[in-house]
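With the hints as constraints, model all of the structure from the sequences given.
Chains as they are written, first to last, in the working numbering: chain A, 1 to 449; chain B, 450 to 837.
Among these hints, one or two may not hold up.
[What the hints assert, rightly or not] Think about it this way: if two alpha-carbon atoms lie no more than 25 Å apart in a straight line, the pair counts; the simulated PhoX-like pairs of lysine-lysine are:
id, chain 1, residue 1, chain 2, residue 2
1, B, LYS583, A, LYS183
2, A, LYS198, B, LYS516
3, B, LYS804, A, LYS404
[What the hints assert, rightly or not] One-sided excerpt, in silico: chain A residues whose CB lies under 10 Å from chain B:
id, residue
4, SER134
5, TYR181
6, GLU187
7, ASN401
8, LEU413
Quick caveat, the hints were computed from the structure, so don't treat them as lab data. For glycine and all other residues, C-beta sits at the position ideal for the given N, C-alpha and C.
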Amino acid sequence: MTEEKKPEERKKRKTATEAASKIGPIVKATIGGTVRAREEGKPIAYSFICCCYDEIIRTMDIVPVWTENYAGVCGAKRDAQRFLERAEAENFSRSLCTYALCGLGFDAWREELGEMPPESPWGGQARPDMMLGSGQILCDPRNKWFQAAQRYMPDVPVYDVGLPWPPYEDDYDYREVQGYYVKYIVEELKGLVQFLEKHTGRKMDWDRLSELVDLADRTWNLIWETYELRRAVPTPMGTGDAMNTMVPIVFMMGTQEAYDFFKELNDELKHKIANKEGVIPDEKYRLIWGGGLPSWFALTDFNYFNSKGAVFPVETTYRMVEAIYNFDIDLSKITDPLEHIAWRWVKFWTYWYDRAKKRPGSHPDVERLIQYIEDYKIDGIVMHEAFSCRSWHVGLIWQLNLLKKVYRDIPSLILESDIVDISSYNEADTKARIDAFIDTLEAVKSKGR
Amino acid sequence: MPEEAAGRGLAAADRYYQDYGSRARELKRQGKKILGYLCAFVPVEIITAAGFVPFRIKGDVNEPITKADTEMETIVCPLVRSCFDISLKGNYEFLDGIVIPHACDSICRTYDVWKYSLHLPYSHFINMPHGTGKPSLDFYQAVLGTFRTSLSRFAGREISDRELTQAIKLYNQNRAKVRELYGLRKASPPLISGTEVARVLIAAMSIPVEESIKMLGDVIEEVRQRGGVPARKSARIMVVGAQVDSVAFIELIENSGAWVVADDLCPGAREFFSDVTVTADPIEGIAERYLRKVKCGRTYREMKGNYEEYLEDRFGHMSRMIEDFKVDGVVLYIYKYCDPFGFEVPQIKSYIESKGTPVLYLEDEYSMSTIGRLRTRIQAFLELLGSK
Chain A
1 MTEEKKPEER KKRKTATEAA SKIGPIVKAT IGGTVRAREE GKPIAYSFIC
51 CCYDEIIRTM DIVPVWTENY AGVCGAKRDA QRFLERAEAE NFSRSLCTYA
101 LCGLGFDAWR EELGEMPPES PWGGQARPDM MLGSGQILCD PRNKWFQAAQ
151 RYMPDVPVYD VGLPWPPYED DYDYREVQGY YVKYIVEELK GLVQFLEKHT
201 GRKMDWDRLS ELVDLADRTW NLIWETYELR RAVPTPMGTG DAMNTMVPIV
251 FMMGTQEAYD FFKELNDELK HKIANKEGVI PDEKYRLIWG GGLPSWFALT
301 DFNYFNSKGA VFPVETTYRM VEAIYNFDID LSKITDPLEH IAWRWVKFWT
351 YWYDRAKKRP GSHPDVERLI QYIEDYKIDG IVMHEAFSCR SWHVGLIWQL
401 NLLKKVYRDI PSLILESDIV DISSYNEADT KARIDAFIDT LEAVKSKGR
Chain B
450 MPEEAAGRGL AAADRYYQDY GSRARELKRQ GKKILGYLCA FVPVEIITAA
500 GFVPFRIKGD VNEPITKADT EMETIVCPLV RSCFDISLKG NYEFLDGIVI
550 PHACDSICRT YDVWKYSLHL PYSHFINMPH GTGKPSLDFY QAVLGTFRTS
600 LSRFAGREIS DRELTQAIKL YNQNRAKVRE LYGLRKASPP LISGTEVARV
650 LIAAMSIPVE ESIKMLGDVI EEVRQRGGVP ARKSARIMVV GAQVDSVAFI
700 ELIENSGAWV VADDLCPGAR EFFSDVTVTA DPIEGIAERY LRKVKCGRTY
750 REMKGNYEEY LEDRFGHMSR MIEDFKVDGV VLYIYKYCDP FGFEVPQIKS
800 YIESKGTPVL YLEDEYSMST IGRLRTRIQA FLELLGSK
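Structure representation (structure tokens):
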């Protein structure tokens, strides 16, 4: 029986920062908290990260269950296979998003049993009262997953928030269309508030929402400033740790805890920089994690890079903020909280557009890579292609090709595996590819000497 | 005249199908501009109104994907990869531009790859929303307004409401012809095979709408007049899936002893069974049709009523077709890496089965190399139907 398979025990990964080492317990406590919240009758919503509704659900004291997070936890604990297999038995293709498959397999099993599946990681995923999907340009599973989950929970309503952003085009400036994008997002968020009010019986406290929106703005700025500290040589924090510190960014936004976490991390990094304390004592190669979600079951690969003298001072993945004060509009003047959220969203996704227009043939995604390569003194790029996710893992090859064309040739490596499905991972092969990449980096460095 | 070279009716369809793009190539030589597009969610009415010829890019199941892998990840839906591969190989060298809609991740996340790799004079992304509520409809109208402006710039002239209305009427006529053609499949045995219908519809994607109307009319007349009684076969099958732009799979079913009499496919019933309402502002009618009337997994239909009513809203058109076309069994034919349809498989399958019609679910890779495996599954399914 696949349901009796036990996860492979894993050693705890070594982090460079104290702050990152605190994340595991935080996530465990949060997931445990959702299970308790269910028992206490608090309203629970299945939620996706980066969907503009963080401050809204926090204001209304709705408990989010971050379904992608739970799948990631199952993956990290190497205990996702039984849920993936369960989904497959339900006729979901194994080629679909494995976050979703893990979640759907879990839901199908929990609903069948009427209780959590045996030995569910960290107590299990609580049954929701509502599910908040999202229609974006980003990810089909965000509007298909919860719809599919209704097969197991037909009584649980779904609200799907439309959250598009203007595309990057040659023949018009995004500012020509941004107004109707913002208007649409505001309408969608208004609809969400009505939906939540209807299903919780609670009223939105608009003043409180404005406070949390302001708190989120300040947190965005603080995160950006904190991550910019990683430019230091040696860098005090790498992408391995950032795969932990993404938790306050995407699962805790709009809370004081997220702000306080980054204040503490900021202090810690400044202290490390003052003491010239890097991720590793002798940095040889500075790399960017230039695209793709990590394999949650193989985060120790970052330590393997470290053992070869390579560090990751910067990544594009989960750096879902820009400094608000760098936007081309003054967000503080937009006092309506929903409008404020909508403008922040549109300005985030279009942030690199102007820069791309200045370099013939370039593209915003590539401009972002170029900026980070220069700011963080990068020697090489590593990306990860997760087979089950088209959202973040399509266009990586093309970006590297374009980077070479409009900027310069820089050593690159695309690792191939998945976010959750460990059967796609080959540790020996991955290490061999990393070794070969390190050889390339060394050869390039030697030429430059 | 195109029909002199291509013949008429089924012969013309066969010729356009076999030499896909030949008519567009001729028109290009005559000075027309050809805009390629992916998926049924590009409002071809606007392209036609602007004076361009819309040309649906299709893949090739017989051609191994080789060149695409240098720019596009293998985790993209194999149909899109095949389309891109043969575009890179120069099959559609006549294109002046490309229009890509927010259809699915495999299509929309590769927009930049297409745009930067093909280097065409024109490109445009239609940012269609997922939702169907009033805010989504208003937003989509604005998006189509941007498309209209963008095309006007490329055309160097305004696109008038009158031209849009004319185009709408033409495409509605075209759709009416397809529905008339489908009517010939209701007879038992059907007057036209599923393979023939698929060939006609695929051919129609590659020619101007006026010529498509004419070709469909000729096909209908030819089929009505042709002599002989079609062979009796064991079962009447409906195929449900995404874009099936080769006759290979339909032919496989029919060569296994069944008729394919109905579908929910592109090209197929999904895109031809709903018209654009002629409205004072033509963009309004176009937006309404593409967002709300075309029922596809890529669009999120908000839940109204209880769960059973929701399934009825999303899949009821399939069960009506099963009844209208006296379907014995449904083949759910889904490509690997297809998120919009992949997530719907359990719901579609159980919904149709709950109405008493057996369903065979097949996942495929858009390649002739899988035909042998599929044949075995289909033969077993047909045997199952025969034993009922």
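Can TYR181/A be said to touch chain B, with a Cβ gap under 10 Å? Check passed: Cβ of TYR181/A comes within 8 Å of chain B, closer than 10 Å.
Checking one constraint from the list: CA of LYS804/B to CA of LYS404/A, max 25 Å. Satisfied? Answer violated: LYS804/B to LYS404/A is near 56 Å, above 25 Å.
Given the hint that LYS583/B pairs with LYS183/A, does the C-alpha gap stay at or below 25 Å? holds (12 Å)
Taking only the CA atoms, is the gap from LYS198/A to LYS516/B under or equal to 25 Å? violated (53 Å)
Tell me if the interface restraint on GLU187/A is satisfied: Cβ within less than 10 Å of some Cβ in chain B. Nearest chain B Cβ about 4 Å off; hint holds.
Taking 10 Å as the limit, does the beta-carbon of ASN401/A come near enough to a beta-carbon in chain B? holds (7 Å)
Against chain B, run the beta carbon of LEU413/A and see if the smallest gap drops under 10 Å. Hint on LEU413/A: violated, closest Cβ of chain B at ~15 Å, above 10 Å.
Is the interface hint for SER134/A satisfied, with its Cβ closer than 10 Å to some Cβ of chain B? At about 8 Å, which falls below the 10 Å cut-off, the nearest Cβ of chain B leaves the hint on SER134/A intact, so it holds.
Comparing the model with each numbered hint stated earlier shows that hints 2, 3, 8 do not hold.
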